[in-house]
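Colleague: Protein sequence lines correspond, in order, to chains P and C. If you read the first sequence in this note's numbering, its first letter stands for residue 706, the second for the next number, and so on. If you read the second sequence in this note's numbering, its first letter stands for residue 195, the second for the next number, and so on.
For the record, the hints were derived by calculation from the structure and aren't laboratory data. Hints are supplied without guarantee of correctness; some may be wrong.
Stated by the list, open to error - Keeping only pairs whose Cα atoms sit at most 30 Å apart, straight-line, the calculated DSSO-like set for lysine-lysine is:
(1) C:K199 / P:K789
(2) C:K530 / C:K363
(3) C:K334 / C:K199
(4) C:K604 / C:K441
(5) P:K715 / P:K760
(6) C:K441 / P:K721
(7) P:K743 / C:K441
(8) C:K441 / C:K618
(9) P:K789 / C:K334
(10) P:K710 / C:K423
(11) P:K760 / C:K440
(12) C:K443 / P:K789
(13) P:K755 / C:K443
(14) C:K443 / P:K760
(15) P:K789 / C:K363
(16) P:K760 / C:K441
(17) C:K285 / C:K423
(18) C:K303 / C:K398
(19) C:K528 / C:K334
(20) C:K484 / P:K789
(21) P:K715 / C:K423
(22) P:K743 / C:K440
(23) C:K303 / C:K285
Being a predicted model, the structure only gives us computed values, none of them experimental.
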Amino acid sequence: MSVEKLTLDKRLGLNKYEIDSESHIEVREELCRECETKVCLYVCPAEVYKLEDDKLVYSYEDCLECGTCVIACRGGGRGAITWKNPRGGFGIVYRYG
Amino acid sequence: MAEEKFDVIVVGAGPAGSTAAYMLAKEGLSVLLVERGRQAGAKNMTGGIIYSRIVHEVFPRFWEEAPVERAITSYNIVFLNGRSALTLNFKCPRFADPPYNAFSVLRAKFDQWMAGKAEEAGAMIVTGATVDDLVMEDGKVKGIRSGGDEIFADVVIDAEGAKSLLVEKAGLRGDFNPADVSVGVKEVVELPEEVIDERFAVGKGEGAAFTLIGGLQGVVGGGFLYTNKSSLSLGIVARIDSLMEKKVKVHELIEDYKMHPYISRLIEGGSIVEYSAAILHERGLRQVPKLYTDGFLVTGSAACLLINNLFTLRGMDLAVASGAAAAKAVLRAKQKGDFSASTLSAYESFLRENFVLTDMETFSRVPDLMDNRRVFTVYPELLCLLMESLFSVHPAPTMKAFRRLRELMKGRVGLFEALGDLFKVYRAL
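Using the sequences and the hints, build the whole thing.
Modeller: As structure tokens, this is what we get:
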């Protein structure tokens with residue numbers, strides 16, 4: 706028996722979500738484009754933010770609702786990310802917590 | 195729901211909010227407790243253990259009915275380098291007897307129990323409702339806005355948790371500094387109850403807690419491991435500025451961490467059932483925002499109430515204490531019929547009387563200690579190397595411990611630097 710690393714996708718797949726049709730995350734593109742640090746790419750525990758062809762894309766469905774991205778973005782980026790709580794009942798549903 | 199008015203609206207059914215709602219409803223006030231999760235606890239995660247003294251004051255003998263996991267009798271502080279671990283272990287079987295010392299808990303269940311207490315006491319609970327904003331009039335908080343509805347109250351108690359979006363909206367705090375906040379990520383690892391009893395050498399219903407220092411690739415932070423009934427809560431806590439600076443992905447960091455021989459042996463054979471994350475406010479008293487304004491009180495993690503002094507990491511019991519203090523302040527305001535900031539300021543005195551702010555003051559130097567990178571890198575490494583040397587026989591003349599230590603320090607830390615750090619530890623703890 707040994708311990709194995711689990712990919713992030715597998716870990717997120719274990720979680721329960723109630724996915725909303727509308728995003729609780731917004732990124733202001735004009736600010737994001739100017740941002741050189743793109744700190745959101747590594748601080749987010751769910752890797753919600755990714756670069757695709759130099760453009761930031763985000764999968765709000767995976768969000769664990771910790772709030773790290775906004776603090777990093779305002780503190781070390783351009784403050785392009787706006788994060789609000791998902792609508793009532795939607796988003797992550799912790800079964801253990 | 196328009197035009198409805200309550201005595202009190204509490205935002206968030208975690209330990210702070212449910213405690214406040216419970217105490218106020220019990221005194222006959224009309225209380226609305228609003229929770230954005232489908233049920234209480236659905237949005238909450240903890241390391242974590244809850245210290246029982248304060249909870250027992252509000253909910254006497256809560257352990258007889260609350261879904262606690264294990265009574266913690268084994269406390270461990272572990273220093274890690276890449277290949278070994280030095281553990282300071284304290285076992286106290288007396289902690290397995292009432293009133294206990296601390297319990298491991300899982301929030302999905304625990305928070306539901308506490309919210310249930312508030313409901314039993316007469317509070318009205320609405321779940322699945324996100325509070326989007328406060329209703330303000332002339333700088334006074336008059337109620338909340340949720341969805342399209344406005345609901346009014348004499349006073350709003352904010353127990354929304356660490357993101358504290360309403361505190362910001364109320365103008366009581368500015369942006370958080372990434373150097374003041376950590377992100378905690380956790381995996382719940384399922385293991386049979388008997389395997390846990392055996393592996394951690396604890397009696398039935400008893401559990402172990404671990405604080406781990408070092409082994410995080412130089413990132414400012416640490417690890418934790420707590421035993422639940424039939425699962426382990428394993429996680430790391432990493433300061434956000436440190437992740438930014440090192441460009442380390444926190445979700446990869448925790449997987450690397452699990453591969454450390456000390457940790458992998460503790461979780462071996464288990465299967466992960468949940469992956470969660472939350473932020474923690476690390477700057478102590480200096481980070482605590484203004485705690486009240488007209489018609490508004492801030493409690494729990496929303497008020498950055500957290501004590502981390504290496505030996506204990508306290509958040510949930512401070513949340514309960516602050517919820518209780520807020521309830522007392524509201525009762526006084528209700529008697530006077532005055533919910534202005536000056537009446538509600540009694541909240542702060544109550545938070546001193548129950549030692550929340552005094553304890554935070556006592557450890558107010560600890561956060562600065564954590565700014566010192568050597569605490570997370572050089573010293574755990576030195577301690578482990580020294581122990582490795584002391585416990586083994588070398589093909590060279592054996593040195594006395596202190597001489598060996600001086601030799602290991604070369605190139606890592608100067609003697610006066612180390613003495614200075616030691617003095618800072620002494621002053622902080």
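Colleague: Against each hint, give a clear statement of whether it holds in the structure.
Modeller: So, going through the hints one by one against the coordinates:
no., hint, verdict
1, C:K199 / P:K789, "holds, 26 Å"
2, C:K530 / C:K363, "holds, 27 Å"
3, C:K334 / C:K199, "holds, 16 Å"
4, C:K604 / C:K441, "holds, 29 Å"
5, P:K715 / P:K760, "holds, 25 Å"
6, C:K441 / P:K721, "holds, 29 Å"
7, P:K743 / C:K441, "holds, 10 Å"
8, C:K441 / C:K618, "holds, 29 Å"
9, P:K789 / C:K334, "holds, 23 Å"
10, P:K710 / C:K423, "holds, 24 Å"
11, P:K760 / C:K440, "holds, 22 Å"
12, C:K443 / P:K789, "holds, 23 Å"
13, P:K755 / C:K443, "holds, 12 Å"
14, C:K443 / P:K760, "holds, 19 Å"
15, P:K789 / C:K363, "holds, 12 Å"
16, P:K760 / C:K441, "holds, 19 Å"
17, C:K285 / C:K423, "holds, 18 Å"
18, C:K303 / C:K398, "holds, 20 Å"
19, C:K528 / C:K334, "holds, 16 Å"
20, C:K484 / P:K789, "holds, 22 Å"
21, P:K715 / C:K423, "holds, 24 Å"
22, P:K743 / C:K440, "holds, 13 Å"
23, C:K303 / C:K285, "holds, 27 Å"
Consistency with the previously given hints is maintained throughout, with no hint failing.
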